[in-house]
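A.B. asks: Numbering (the UniProt record's numbering) for the sequence shown: 1 to 313.
Take these hints with a grain of salt, some might be off.
[Claimed, not checked] Label pairs and their in silico Cβ distance ranges:
hint	residue 1	residue 2	range
1	242	206	25 to 33 Å
2	123	83	50 to 58 Å
3	155	181	21 to 29 Å
4	155	129	24 to 32 Å
5	114	204	56 to 64 Å
Everything labelled a hint here was simulated from the structure, so no lab data went into it.
Note that CB positions come from ideal geometry on N, CA and C, so glycine has one too.
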Amino acid sequence: VAIYGISSPTPQSLQLEACGADSLYMTSHVCYDHARHCADAAQLREMAADPTLASCCQRDAQEQAMVAKLKASLTLVDRSRHREHLRESVLGCTPGDTRPDRDSLETSDDEELDKLRSARLHQLQAAAREARSRRESGHGTLQTLDLVDLKDFLKRAEAPVVIHACLEGSSSGHEADEILTLLASRCLEARFIRIEVGRKQIPQLPAFFQGQVPALAWIHEEVAGPVLALPADDEEVGNLEPRIQRWCSGLASRAASLGPASARGEPTHESPSEGDSDGEGGLLPCAECGRRYPHQHIRSVTAHVYSDEDDDR
1 VAIYGISSPT PQSLQLEACG ADSLYMTSHV CYDHARHCAD AAQLREMAAD
51 PTLASCCQRD AQEQAMVAKL KASLTLVDRS RHREHLRESV LGCTPGDTRP
101 DRDSLETSDD EELDKLRSAR LHQLQAAARE ARSRRESGHG TLQTLDLVDL
151 KDFLKRAEAP VVIHACLEGS SSGHEADEIL TLLASRCLEA RFIRIEVGRK
201 QIPQLPAFFQ GQVPALAWIH EEVAGPVLAL PADDEEVGNL EPRIQRWCSG
251 LASRAASLGP ASARGEPTHE SPSEGDSDGE GGLLPCAECG RRYPHQHIRS
301 VTAHVYSDED DDR
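Required output: the full structure, derived from the provided sequences and hints.
C.D. replies: So, in structure tokens, the structure goes:
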């Protein structure tokens with residue numbers, strides 16, 4: 001029977017071809033593959049001859065039998081399969097298993113990379129432990145305190161403290177509380193406190209509030225920042241979130257510029273000065289460069305050297 005112009009070999013011809021003419025390509029592996037394809041074709045032909053099988057299934061079985069028979073015929077002249085079997089018999093592996101071992105690729109740099117990876121992992125674990133301990137000590141949340149307990153809390157506080165003083169019984173501070181709650185979860189380096197003050201208790205507020213309620217104040221190691229006055233009416237809170245964020249950003253820059261000098265009571269050289277503000281807690285633009293955060297201007301020595309050389313010329 002011929003399929004696509006290729007005749008089906010007989011068992012006698014298979015034996016002659018396997019043991020005879022071209023022994024370079026016809027090995028026992030090829031004979032095994034050929035016999036397997038022939039068995040598949042015979043099984044499919046038997047399945048197609050089943051009278052109880054549906055016509056569509058019979059067509060599929062017949063087509064699969066033809067394909068298996070064609071593969072059996074092509075196996076005898078497939079040189080690539082012979083090379084694969086020859087490689088497997090010599091090397092003990094197939095071409096797909098010849099990937100280089102990881103140990104053979106290791107170099108002296110791998111030890112340094114492992115050390116860096118281990119150090120970075122320890123840093124991340126230490127940061128996670130510190131963040132967890134901060135949350136357990138009250139960081140990351142907006143804590144509510146009474147006015148009488150605020151003074152003792154500020155004495156014990158080791159981190160910067162942001163205080164929201166709102167009027168007692170007023171609903172205008174709810175939006176500010178929501179904004180501060182979100183900021184507290186992002187800024188674990190500071191403590192965020194909320195106090196409710198009655199109108200008769202306003203004179204009892206700490207001096208750094210300057211008698212303004214509702215307002216936000218910041219203090220760290222007895223160094224207070226500018227106060228941000230908040231609107232007392234609900235109709236005026238439309239742009240409250242960007243104002244609070246700008247105010248907190250200015251305080252972060254201020255705390256970074258003060259550094260340990262504030263703890264020692266040493267004067268800090270800032271531009272502009274501490275008292276200069278724009279009314280919303282931000283600093284006024286610098287007269288020299290226009291920046292709105294604390295900074296220093298350092299004169300370049302090389303600039304003077306170059307200017308002297310130019311004058312000599």
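A.B. asks: Okay, residue 114 versus residue 204 on CB: inside 56 to 64 Å?
C.D. replies: Hint holds: Cβ distance 60 Å, inside 56 to 64 Å.
A.B. asks: Per the hint of 21 to 29 Å, is the separation of the Cβ atoms of residue 155 and residue 181 within bounds?
C.D. replies: Because 25 Å falls inside the window, the suggested range holds.
A.B. asks: Is the distance from the Cβ of residue 155 to the Cβ of residue 129 consistent with 24 to 32 Å?
C.D. replies: Holds, since residue 155 and residue 129 (Cβ atoms, about 27 Å apart) stay within the stated range.
A.B. asks: Hint says 50 to 58 Å; check whether the CB-CB distance for residue 123 and residue 83 agrees.
C.D. replies: 53 Å, holds
A.B. asks: Regarding residue 242 and residue 206, is the given constraint of 25 to 33 Å on their beta-carbon distance met?
C.D. replies: Holds, since residue 242 and residue 206 (Cβ atoms, about 27 Å apart) stay within the stated range.
Checked against the numbered hints given earlier, the structure satisfies every one of them.
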